[in-house]
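Protein chains in written order, with the working numbering: chain Y, 21 to 372; chain G, 581 to 948.
Source of the hints: derived by calculation from the structure; they are not laboratory data. Keep in mind that this is a model prediction, so the values were computed, not measured. By construction, the Cβ of each residue, glycine as well, lies at the ideal position given by its N, Cα and C atoms. Some hints could be false.
Between beta-carbon pairs, the in silico distance windows are [to be verified]: (1) G:E706 x Y:S31: 47 to 53 Å; (2) G:E706 x Y:S91: 35 to 41 Å; (3) Y:K103 x G:E743: 31 to 37 Å; (4) Y:S371 x G:E934: 48 to 54 Å; (5) Y:A171 x G:V935: 55 to 61 Å; (6) Y:A171 x G:A588: 43 to 49 Å; (7) Y:E328 x G:V848: 50 to 56 Å; (8) G:P721 x Y:K156: 42 to 48 Å; (9) Y:A174 x G:A825: 53 to 59 Å; (10) G:E743 x Y:S91: 45 to 51 Å; (11) G:T599 x Y:E292: 54 to 60 Å; (12) G:D794 x Y:A171: 51 to 57 Å; (13) G:A588 x Y:P332: 46 to 52 Å.
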Amino acid sequence: MRRGLIEWSKSELPESVFDTRIAGMRAAMAAAKIDVLVAYTNFTRTSAVSWLCDFIPYWSECVLVLPKTGSLTMVSAVSPRGKPWVEGTTYSEILLFTPKIGPETARVLKESLPAGSTIGVVELDEVPAALGQALKTTGSTVVDATDTFVAARAAGDAADKGLAKTAADFARRALAAIDPNGTDAMAAVAAVDLAARKLGAEESYVAVAPDLRADRRLLRLEGPATLGDVYALRATVAYKGTWVRMIRTVVRNDSHGIVRTATEKLAAAVAELPRLDKLGTMESWLVETSRAAQPLDAVAGSSVPRAEAFPPGALVSVQAATVIDGTPILIGSPAIAGSAGTAGAFLIAPSF
Amino acid sequence: MKTTTLAAERRAKLAAKLTAAGIDVLVAYGNGWQGDYLMYVTDFPILEGHGLAVFTPDGACRLYLDSASEIDRATSETAGVDVHFSQQIGRDVAADLNARGKVRVAAAPLAFVPFALVENAHVTIEDGTLIVDDVLMHKSPAEVACVRKAAQTADEAYVIFREAAQQGRPQYEVVAEVESWLRAHGVADNFMLIGSGGTDIRSVTPPSNRKLADGDLVITELTPSIEGYFAQICRTLVVGKASDAQKRAFAIYVEALEAGIAAVRPGVLAADVARAENDVFRKHGMGEYVTSAYTRVRGHGLGLFADSKPHILENVDTELTPGMTFVVHPNTYNPNVGYIMLGDSVAVTETGCEVLTATARVLFDGAA
Numbered sequence: 021m022r023r024g025l026i027e028w029s030k031s032e033l034p035e036s037v038f039d040t041r042i043a044g045m046r047a048a049m050a051a052a053k054i055d056v057l058v059a060y061t062n063f064t065r066t067s068a069v070s071w072l073c074d075f076i077p078y079w080s081e082c083v084l085v086l087p088k089t090g091s092l093t094m095v096s097a098v099s100p101r102g103k104p105w106v107e108g109t110t111y112s113e114i115l116l117f118t119p120k121i122g123p124e125t126a127r128v129l130k131e132s133l134p135a136g137s138t139i140g141v142v143e144l145d146e147v148p149a150a151l152g153q154a155l156k157t158t159g160s161t162v163v164d165a166t167d168t169f170v171a172a173r174a175a176g177d178a179a180d181k182g183l184a185k186t187a188a189d190f191a192r193r194a195l196a197a198i199d200p201n202g203t204d205a206m207a208a209v210a211a212v213d214l215a216a217r218k219l220g221a222e223e224s225y226v227a228v229a230p231d232l233r234a235d236r237r238l239l240r241l242e243g244p245a246t247l248g249d250v251y252a253l254r255a256t257v258a259y260k261g262t263w264v265r266m267i268r269t270v271v272r273n274d275s276h277g278i279v280r281t282a283t284e285k286l287a288a289a290v291a292e293l294p295r296l297d298k299l300g301t302m303e304s305w306l307v308e309t310s311r312a313a314q315p316l317d318a319v320a321g322s323s324v325p326r327a328e329a330f331p332p333g334a335l336v337s338v339q340a341a342t343v344i345d346g347t348p349i350l351i352g353s354p355a356i357a358g359s360a361g362t363a364g365a366f367l368i369a370p371s372f
Numbered sequence: 581m582k583t584t585t586l587a588a589e590r591r592a593k594l595a596a597k598l599t600a601a602g603i604d605v606l607v608a609y610g611n612g613w614q615g616d617y618l619m620y621v622t623d624f625p626i627l628e629g630h631g632l633a634v635f636t637p638d639g640a641c642r643l644y645l646d647s648a649s650e651i652d653r654a655t656s657e658t659a660g661v662d663v664h665f666s667q668q669i670g671r672d673v674a675a676d677l678n679a680r681g682k683v684r685v686a687a688a689p690l691a692f693v694p695f696a697l698v699e700n701a702h703v704t705i706e707d708g709t710l711i712v713d714d715v716l717m718h719k720s721p722a723e724v725a726c727v728r729k730a731a732q733t734a735d736e737a738y739v740i741f742r743e744a745a746q747q748g749r750p751q752y753e754v755v756a757e758v759e760s761w762l763r764a765h766g767v768a769d770n771f772m773l774i775g776s777g778g779t780d781i782r783s784v785t786p787p788s789n790r791k792l793a794d795g796d797l798v799i800t801e802l803t804p805s806i807e808g809y810f811a812q813i814c815r816t817l818v819v820g821k822a823s824d825a826q827k828r829a830f831a832i833y834v835e836a837l838e839a840g841i842a843a844v845r846p847g848v849l850a851a852d853v854a855r856a857e858n859d860v861f862r863k864h865g866m867g868e869y870v871t872s873a874y875t876r877v878r879g880h881g882l883g884l885f886a887d888s889k890p891h892i893l894e895n896v897d898t899e900l901t902p903g904m905t906f907v908v909h910p911n912t913y914n915p916n917v918g919y920i921m922l923g924d925s926v927a928v929t930e931t932g933c934e935v936l937t938a939t940a941r942v943l944f945d946g947a948a
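Bound-form chain G, shown alone (with noise of 0.2 Å):
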């Protein structure tokens, strides 16, 4: 179950911010999809619907949800909060700031609360944004610890992927049984897409009903959480025996892998991480596909949300400090074999980096 004393340890850190930076109350929002700074003030993993979370440095803080079938879990699973069910959460927040007078109040992320709120709020409401980013990079020791476990529980999902990555088998029952298992083992999230074929795949989706074949690259960036936290393992296997080509493509990567977690240490930017990872497919003739029409990011934070700052890029500043966590996966397309995924879970630590994933970094195949 989750530990109460990690949601106020964050909610004091969070205050301590707040009244540093003269703000008043604080609006969080969040839905199934990001819901990382509503999560870091409430300890609510929302699922269905969309919230906000009204927020004051004294501690106190309202959750309004717009979905009732989330009020149980929410009065369960949350302490210290008051939870109320709103059929016009914008409208009634912002009725709930007309009420407190003249205060400042900020929003994070400002750009995704409902319109019904910046509409009817009395007060100019400011963006928020990067002071709760600011806590959400910046972990304590037990919140590496969560990322940590579930580092290991991701190792442990991706046996069952291999186990469950057969011959004629759809991509969705695949899915299934890595979903089935985390549930088994108390996992209630996870963030998972997946691919499978060869030159035609230019990127992971969630499952199709595509059938495993024999030659497959089968890709994967396999994302349980504990306590709210996740982390990220990315591996490709080969359906049957793996080709010389594909191992020769895939050393490349194991290359970038590495040199990427080399780079990681408190006091360099997230941009020489990125770079230390796409030297290696430049130095191999491959520069091009460590661009945006091939791939995202080479690597991105990990926390309340499973693909949160910073990201791993040639121009973001960002300088990495002890406690930030993030995965490292120089993913992108091969044109010789089709899109290749390898990624680890790092944290960085006083003296460099904390490598949280143990899967070997090899193309696993029938023959492995």
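Extracted from the complex, chain Y is given alone in its bound form (with noise of 0.2 Å):
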């Protein structure tokens, strides 16, 4: 459940910034020979559709049906009661409200698809199984259509760009609330979390090391906990539809600059990217992006299996970890990968 301020800011995004993804996305889809596009978004799963047309459901599921001509359309399992809300946070133009979206959108398919037409399915293999089920009793050819997506929204535009310049700007202010000097980790997180909503976050979560010689580990807060001589809190924000994360590490009596040193080797690895030789000397380390559907989707790191190529220009969130003089430190940050000779660069310092 979203709780923080979800509004369509058409300063940031106007309509034009939706008119021209929806061109790009239907040339990408007659090369691919894709006669509609699919796109399903639920609370955690709600990039592709809102990149496409602003929504993003505070609960409940969605379907986003992008014809190759005609208008948007989209079927919601939010009540119909919903109904202004909904408009006023959504590009597309006709909306349809029923709990069972499966076999809606099966329907306007049918109704609109002449036969031998190809659905496009973004992340087709993890849609709910109800609703790929329902597709497939269209007639039509159902195939997964994320690559084309991908290559379609390819590393964003300059609305994207803003959007995750103002996240990052949100997370760094966010973090420089902490008390520096405080022990109670509970304390520490309210005051992230509340500077987070207040700038006008839609989102925030806050996890918390609090003690980092003990346990590397971020975790989510259920009770007291005390902040040791190091700890680190990691703000993940989202703003219009656009998630970051950074890293803060406190290390008490600092007269080395540890933090410091770290937050310059990470420097150093960012402006390498989309390269990563340097972040793989980390101890260990994460690149996330948002491809398809997921805000945050892990693409390279040193626990990440399967990497998945990102391109110039990429706005990633970068974490690592590092031990500067025998000292652990948690370090990260929104960034933008290098492009045609164009370093790589975070997007907001993480300096406090």
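From these two lone chains plus the hints, build me the complex, please.
See the structure below:
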């Protein structure tokens, strides 16, 4: 359940942005011989649909149908009483409300598609079984359209970059709200959460490693914990459908500038992106980006078995662990991969 | 921190149910919207991506997650669960099942498991939703205790909500204050909707940037969780001083809530509770406003999901039994003043009903 501010900002995402994205997607569909694109969205797999029409379900689930010509249709399991809210947050022109979105989507497709048509589904493997099985009843050929979607979305557009930069700014300011001398982990988490939401974040997840010398895992707190001499918090912040992560490690009495050294090390690795050589020298590391439906999809990392390519200029969130002078440090920041002679860089430097 | 004994108790109860049903393997699905099936099996409150658990009646449990950032949490927050990161969980779980040979497999909820699972599994996967629904609904005393604690937290959080709901503040700032208070008190999750205004408001939604104005009804359902168990409070307040019309309207909802709660006892049906609430509205000439055009349910189950079974509706014939927990909420639109919310969490006891939330059933206003 989203508890942050969800609204369609037409200054940051004017309708012309969606016109351009949809035109590009239709060109990719034509090249792949796909007659209609189907994208599923729910609470956690929001990215493909929000990229095409802004809409993010605050709960429940929906399907977006993008034909090669004509209007977008959204089939929504949100109660019809939520129609004004859905209308106010989506570029889609036709809205249908039903608790059974699979059969209703299949009906729409059956009625609109001629024989021999091809339905392309973004992340076909991952959609609910009930939807996948309903699509098989349409009589059309059902194919996975993830590669088509990813290719059309590519590294994102200027609107994507603007939203990511704002989200990164929110994350940095939220993490700056920590009292570095405090010892109450719950208070630190609360401060980050409050700052992010008051800035207008759509969502805020705060994880904490209260004592990095004992355990480097970032956890969601469900009770009191004391912050040790070295601790870290990670802010995962969503803004208008764009998600980023940033990590702040606090070393008490950091007279040798250990955190700064670690940050410079990460900056050097980020400068090489999309090459991963320097990140690979970190103790552990992870690169996430939004390719299709997942807002933050692991594309490479020390524990990611199958690396996925991400293009030059891609918006990513990078996390890494390193040890400086015997002190464990977690660092992370949203970044943009290098392209055409431009080095990769943090969107906002994770400096506090 | 979470108690591992509760997780072990749940798994033992589920294992017995599966054995009785002749099911060899249960696959439980969950995501950050609805994670109760997955949570029951694994004790993992999933936030990002989606997950599948493969559970057998001998107690063995494998958890597949497709968000790399969830792996650390899962390894830390669960016990006795074998955690795997998977970039294709449907296919990986299908392979897991296929390696087990000829077994009876059920999935819960089957409709939501990834399509690749049903497409690639060599066995027919049965729908195990009702098996898990049964254990989700019928809670042990330890589970009810968690809901009771969550209800106390809901009462405390509503005090914060009242303090935050000041004229001129945007809705999202009010919710931010409540969320932050909950985080400061170790409450990891909360389901919450809000609305503010007058007769223009037909439902609650996530918070908008609409500012609270003098005379607005401010409605919320606030649903914190303790150890994964949710309890809910629904209340309405007025910014400034409540009008006579708002007070008269609110009195009907108090009567309906009291009627609904009075109907709760073992042996009655969910429908009986809904009917008791709705009869009050019908008596006051508001029968139209208890239909689906204006309201969704007259209450719903509470537990490892904030909106679980049974739904309190006049066509739901689920029998109430001790250990069931739910919210009774006659929330609906009132054509004279707008949408009003009022609801309390309850537990069915051996002899009747325990009301878990304790906040006064009054229309709070600036004069309260």
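Structure-based check of all given hints:
1. G:E706 x Y:S31: 47 to 53 Å: 51 Å, holds
2. G:E706 x Y:S91: 35 to 41 Å: 39 Å, holds
3. Y:K103 x G:E743: 31 to 37 Å: Taking Cβ atoms as reference, Y:K103 and G:E743 lie about 33 Å apart, which means the hint holds.
4. Y:S371 x G:E934: 48 to 54 Å: 53 Å, holds
5. Y:A171 x G:V935: 55 to 61 Å: 57 Å Cβ-Cβ, so the 55 to 61 Å window holds.
6. Y:A171 x G:A588: 43 to 49 Å: 48 Å, holds
7. Y:E328 x G:V848: 50 to 56 Å: 54 Å, holds
8. G:P721 x Y:K156: 42 to 48 Å: 46 Å, holds
9. Y:A174 x G:A825: 53 to 59 Å: Distance hint for Y:A174, G:A825 holds at roughly 56 Å.
10. G:E743 x Y:S91: 45 to 51 Å: Because 46 Å falls inside the window, the suggested range holds.
11. G:T599 x Y:E292: 54 to 60 Å: 55 Å, holds
12. G:D794 x Y:A171: 51 to 57 Å: 53 Å, holds
13. G:A588 x Y:P332: 46 to 52 Å: Taking Cβ atoms as reference, G:A588 and Y:P332 lie about 50 Å apart, which means the hint holds.
Of the numbered hints stated above, none is contradicted by the structure.
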